[in-house]
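Position 599, counted from 1, in the sequence shown is what full-length UniProt numbering calls 599; the numbers after and before it change by one each time, with no gaps.
Note that these hints are calculated values from the structure, not bench results.
Among the hints, a few may not be true.
[As the list claims (entries may be wrong)] Derived pair list, reagent style PhoX-like, types lysine-lysine, alpha-carbon separation capped at 20 Å:
1. Lys457 to Lys473
2. Lys106 to Lys127
3. Lys473 to Lys453
4. Lys453 to Lys482
5. Lys13 to Lys482
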Amino acid sequence: MTQSPPAQGLMDKALLRPALRAAFTKLDPRVQWRNPVMFVVYVGSLLTTLLWLNALGQPDAGFVLAVAVWLWFTVLFANFAEALAEGRSKAQAASLRTLKKSNWAKKLKEPRHGGAWLPEQAENLRKGDVVLVEAGDMIPMDGEVIEGVASVDESAITGESAPVVRESGGDFSSVTGGTRVLSDWLVVRVAVNPGDSFLDRMISMVEGAKRQKTPNEIALNILLVALTIVFLVVTVTLLPYSLYSVQAAQAGTVVSLTALVSLLVCLIPTTIGGLLSAVGVAGMSRMMQANVIATSGRAVEAAGDVDVLLLDKTGTITHGNRQASALLPAPGTTQAQLGQCAAQASAADETPEGRSIVALVQASTAVEALVGEVTPVAFTAQTRMSGVDVALADGSVRQLRKGAVDAVRRHVEALGAHMPAEVLRAADEVARRGSTPLAVADGSRVLGVVELKDIVKSGIRERFAQLRRMGIKTVMVTGDNKLTAAAIAAEAGVDDFLAEATPEAKLALIRQYQAEGRLVAMTGDGTNDAPALAQADVAVAMGSGTQAAKEAGNMVDLDSNPTKLLEVVETGKALLMTRGSLTTFSIANDVAKYFAIIPAIFVSTYPQLGALNVMQLASPQSAILSAVVFNALVIVFLIPLALKGVRYRAVGAAALLRRNLAIYGLGGLVVPFVGIKAIDLLISAIGMA
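All chains should be modelled from the sequences, with the hints used to inform the complete structure.
Here it is in structure tokens:
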């Protein structure tokens, strides 16, 4: 298991001190202007400060000062929330920067220089350069292995202590700058220029200060600005209305500018306005804590809106280590004969499947040694078979093969024979059970079928049921035949499957769902996955995969765990849930402030409004100040929720809406009444108003 770096706690001094400093440095008007809602609070703070200076020596100077101080606290608390979220991301980026060390590389010079490996500083390398990395050397830049095989320590990037094997060709040829070769050597072609490496992109991705706003965040900002403008217009009109009312009623006093500013600040959506940026930054930070690097907030947000998941069968739905479980001989062949041939054909096969066949046979009898010159025949995507050729003393060649049933059938038909119908029926039965059949042939004679069983992961069916309740469709993608795919899909509980999947088929399937207006997520690690990754709305590339896959995806899983896709979706949904919950609470808690401030500013002119003082607040000044204090403190109490996020629950949209309305809607109505009354009692007790 990969161990992610421990997340720093909210009260970590290493985060609190810089965040407190940043809360004051962010008082720069050029910074405040980026958040229109809080900019209104900022201007209100400046205005009340000027009103206090003008009121010095007057009876209400203390009240104006108290309002001004708490309005400044409101701005500072919002700045602190954003700075704390950014600090967590910057701390992660700082730990990554420690991996960027200047080191020397062995660069291949041009042939006219004799093709020698000459020393070169890593920062001077450019895309296309070829370098030699030997045991103990640091890989200088991201690249592709073009020669050699070696074990590489990638713990600095992934947190995984076990070394991984990197070799030329295939899906494990990508190497990352900053990792170290432990054994043997690699020849690497540099794939990026300085500043564009995976480590550089990781650092820029996790730095919240450079985060671009997502479309949903921009839309919500527009809504908040619109609400702010509406309340601003309403508040401005209250001053002439108050002047007219006092003159007409010949009673009461004109509402003060301090009271109007307090009313405006309390009614505009300051809670979500102050925490919106922190929620977005924290979303990317939580993805980083899961060892997933998102290229943008847009990708994290899209993960929360996904409604179709394309999941690879091997390693995601099943354990991936298929094991030989049974030998099914053809008519006229004994189980011992089938076992001997299968084990001999697997003698040079170092895959888990090949080793499991040998182990299954050896459990009952010894495997006989082959007599003659043995030539291994490797598995290829074209032949879909492997085995050995044995040169016999009489000059003939004995061909031992095992592989896909249709591939072995074509092989024996090419030799002028036919596959027995009993073998085909046995293969179909194996496939219906969800296992994989491998046919075994000795020359033109088919000896039977080996059953490879791939175990579905425990608990995966329940996970898919949860996703279904959320309205997310799951699609299993596999290279198996349709019978095997259908059996495993039924056992795992996925909604659909794509069998005998090719890159073109995966790409076509994604486009089909997108044409229906769905958002699609998938994982991949190979170059052949790149087209589908580029097409998917949320594309999680494996950290151990090829450079092409990582460039095509909009997320990179450092653990290279295909099941992480489920966690990515949950994190994205948690981000959307957090933003929605805080918005609901922010709008709902305005109701209590109406009952606190409206009677307070107009009760002297219209005594009947005293009936709206349902909280029985001590005085108009105490009511206004209590509302302002609560408006500031609620931001502080909601910072942990904004940074940690609302806990993810796999329920449907309707159930989720009801739950959020009950907790954050009803809570947003009730909590302010309790909070404002408690603050009013405290203010009255100490005689502040």
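Taking the hints in turn, this is what the structure says about them:
For the suggested pair Lys457 and Lys473, the alpha carbons sit about 19 Å apart, so the restraint of at most 20 Å is met. Straight-line distance between C-alpha atoms of Lys106 and Lys127 comes to about 15 Å, which keeps the hinted pair within the 20 Å bound. Restraint check for Lys473 and Lys453: the C-alpha separation of about 26 Å exceeds 20 Å, so the hint is violated. For the proposed pair Lys453 and Lys482, the alpha carbon gap of about 16 Å is at most 20 Å, so the pair holds.
For the given pair, Lys13 sits about 57 Å from Lys482 by alpha-carbon distance, which is inconsistent with the 20 Å threshold.
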